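J.: One-letter residues, chain by chain:
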Amino acid sequence: MIHVENITWHTTGFRLEAVSFAVPAGKYAVLMGKTGTGKTSLLEIICGLRKPLSGRVFLGNRDVSADAPGSRGIAYVPQDGALFPTMTVEAQTGFALRMQKRPASEIHQVVKALAAELGITHLLKRMPQGLSGGEKQRVALARALAAKPSVLLLDEPLSSLDEDTQDDLVAVLKRMQRDHAITVLHVTHSRREAEALAEVRLTLQDGRVVV
Amino acid sequence: MNNRFWLILALVAAAYLVFWAVMLVATATYTSPSEVWNVLASREIRYATVLSLATCTITAVLSLLIAVPVSYLMSRRRFPGHTLVDAALDIPIVLPPMVVGLCLLIFFQTGVGHLIEKVIPFTYTIAGVVLAQWVIAAAFAIRSMRGVFDHLSARPEDVAMTLGCTRWQALWHVTLPAARPGMFAAGSIAWARSLGEFGPVLVFAGATRMKTEVLPTSVWLALSAGELEQGVAVSLLMIALSMIVLVAIRITGERA
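Sequence lines, in order, name chains X and V.
Under this note's numbering, read the first sequence as residues 1 to 211, first letter to last.
Under this note's numbering, read the second sequence as residues 212 to 467, first letter to last.
For the record, the hints were derived by calculation from the structure and aren't laboratory data.
Small disclaimer: the values here were computed from a predicted structure and weren't measured.
Treat the hints with care, since some could be wrong.
Unchecked claim - Beta-carbon label-pair distances, calculated as ranges: (1) V/Ala221 x X/Gly207: 51 to 59 Å; (2) X/Ser54 x V/Ala299: 32 to 40 Å; (3) X/Ala25 x V/Trp379: 30 to 38 Å; (4) X/Glu199 x V/Arg287: 36 to 44 Å; (5) X/Ser54 x V/Arg378: 18 to 26 Å; (6) V/Pro307 x X/His189: 50 to 58 Å; (7) X/Arg208 x V/Ile327: 53 to 61 Å; (8) X/Met127 x V/Gly437: 55 to 63 Å; (9) X/Lys101 x V/Ile327: 50 to 58 Å; (10) V/Ile327 x X/Phe58: 49 to 57 Å; (11) X/Gly13 x V/Ala221: 24 to 32 Å.
We treat Cβ as the ideally placed atom computed from N, Cα and C, and that holds for glycine.
Chain V extracted, bound-state conformation (with noise of 0.2 Å):
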């Protein structure tokens, strides 16, 4: 009887991996490796590739320095209005990424946005596919690390405290030390979830070529002339691509 539970189980979850095997399998068959090649040999996806990999990194790194205290405040506070602020903070991820996108284009037409943008233009621009992967990816990061903290006493903290520490030192030396497992975690989910970002970027930041294309524009854009077969090698390229950086990001988080 406790057999048949846990085979249960386990047919399921192999269902809903064997529905993924498949998928991959169809879209990696689909088109030849000399065309993947030539595909992805092309000046433009190239530089796609790279400017992906530039801003996925960047936003990952941008998300953690907001992420880290953030969390760390609505773990460790409680204030009027906590619970208020707590849903807030999901707000980007629960709204539409295409919405997202036009807020960002709508706030840079404000007089503030023009402000700002006398020091760093962002629409249209490679600062802005940073910015619209980052509102998003950034609120992955903070409720991945909130996780984290909350998972993590605050005892040794106070311990720390009594010893001679400010708050500033006692986090530092105790709690980021315990955190940073879990600090490569929430980077490896802003890092992914910037890879695959669409809406936003190509609302806010657009889609022209050999300039502020990244990788999800490139299937879009090779979707809408109508040209499948590069489609498909740019997504077998994106699906290797976040493998390979999510494997070694993994690897590397549990040896630091």
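Just chain X, with the same shape it has in the complex (with noise of 0.2 Å):
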């Protein structure tokens, strides 16, 4: 379960105000809003990139709130999935688990399971330029499970695709969320990804989530 507590932020332009809310443990839900409503920053604080002016985040009855970003057990997809410009899609996936310096067969064989369920074994020789918006949120996400996170945190992950290719990857989060038994919190401004997707439905306004 995700649950957030009394979460503050000011910066130009917008500001979230005591924002508190709760995802259910394993449950899809979506959090909407205009452009500009503060809703990456709501998932950077989350995540553990930024801190608050005040507030706390909760994974369960764990407090994270002073945790570093990697030991919090979140995982999450920036907008345009950020992959690291000078790493095979191999060498992405495997990445969290050569940080923590797991056996080499042990990465080996969890690339290979996520690339296959993922439908970017094909890819894995491949740099990221090049690759397609679709096949950039693809290896995103497998990046990203390769941790194991118990929650994920997708910042609008198929605002720049076209409508088959959102089709496809509501697909492939669906199942994803299913197979993984984990928790998401998506982004986005679109109720058509909302309506395919959540089961939790929050929205963001005025500085304050409603659910």
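Please dock the two separately framed chains into a single complex, following the hints provided.
T.: This is the structure in structure tokens:
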């Protein structure tokens, strides 16, 4: 479960005012809101990349507010995938496990399984340059899942894709969430995405989250 | 109409390049190849060549060592006085080089300077040649690296941190590999700038033959003695060295 309690954050252009909400474990939540309302900042606060002025983030009963981003068990997929520009798809996918100094054979097996699951086996030797938008998002998902997170944060993952590719990825996201029993918080401004994916719907407006 | 637009731009570019080519050809044909060879074979010029190549390379590496952390900080963090610090980093670029040499000379006359010189003597030494080149070359390398980091998105580093990296590891595994071509470019700029550096080297390290004489000093010494042909020969050597080394660095950088 993700539990966000009284998160406050101010910057030029928008403010988050005592934002509180919860997403039950294993559920797919979609957070909607207009562009420039602080959705990305909220995700960055949840995964620890940004420090809020006040408030706390809980995963289950664990207060992770003071934890480093890498020890929260939260994976983050930004809007453009943010693939590492000098690594092959294979190296990106195994990155988190390499950082944990896991044996090469285990990394190889996990990468192979995730690549098969996300349909990127044929891309493993490729560099990110030249991948299509949909392929980049699949690689970013594989890279995030390799760390075996309990929570996945997705920042408008479908916004730059054409409708057919969006439909493909919606199916991938549904299957992924079901197979990995993962809690997902998906940020978007698209009603279509929310209708296709949301088990829990949240809206960010005027600096507050409304359920 | 569109063709005429591009034609005018091409003519401007061509005029600039032709001007440079004519100057180089005029310099190259001013003296005979045998005269050039005689000058370049002299002991003093061979020493100045080796010293120039060695000091420029050391300076380029030292410039990168300061440019990478400073430019990363300036690119990724905003802090009170950021604009002021940013402007201050450009001071060595806008100061007359001779003034930089004078500042170095005066600094090493102070108490702190004397203390430093008890460990490493800089004034009128080879270490002084490197320091005089470095104070200016580093500013150019910082400016160049700043552009590199500004153009590299911070997002992949953020993701790397959520995947278990510390900020150091994210920099090392994700950002620096992506910045490698830019680091080669910044190193090239620092190297080329150092090869031509004259004012601060002359003022701070002197122009002692077989000791602190680098190639620009050789040109100056030759011209001061009225030996124009010797100055031309050394200048041709500097042009050739710059081109060879910069092309080599560019090729290496593209393969990296």
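J.: It remains to establish, for every hint, whether it holds in the given structure.
T.: Going through the hints against the structure:
A C-beta distance of roughly 55 Å is found between V/Ala221 and X/Gly207, which places it inside the suggested range of 51 to 59 Å. Range check, X/Ser54 to V/Ala299: Cβ separation about 35 Å, and the 32 to 40 Å hint holds. Here the CB-CB span from X/Ala25 to V/Trp379 is close to 33 Å, well matched to the stated 30 to 38 Å. At roughly 37 Å, the beta-carbon separation of X/Glu199 and V/Arg287 lies within the given 36 to 44 Å, and the hint holds.
In this structure the supplied range 18 to 26 Å holds for X/Ser54 paired with V/Arg378, their Cβ-Cβ distance being about 24 Å. Here the CB-CB span from V/Pro307 to X/His189 is close to 55 Å, well matched to the stated 50 to 58 Å. X/Arg208 and V/Ile327 have their C-beta atoms about 59 Å apart, which keeps the hinted 53 to 61 Å range intact. In this structure the supplied range 55 to 63 Å holds for X/Met127 paired with V/Gly437, their Cβ-Cβ distance being about 59 Å.
Taken as a hint, the range 50 to 58 Å is violated for the pair X/Lys101 and V/Ile327, whose Cβ atoms sit roughly 42 Å apart. Range check, V/Ile327 to X/Phe58: about 54 Å between beta-carbon atoms, so the 49 to 57 Å window is met. For X/Gly13 paired with V/Ala221, a C-beta distance near 44 Å fails the hint of 24 to 32 Å.
Hint violations for this structure: numbers 9 and 11, all remaining hints satisfied.
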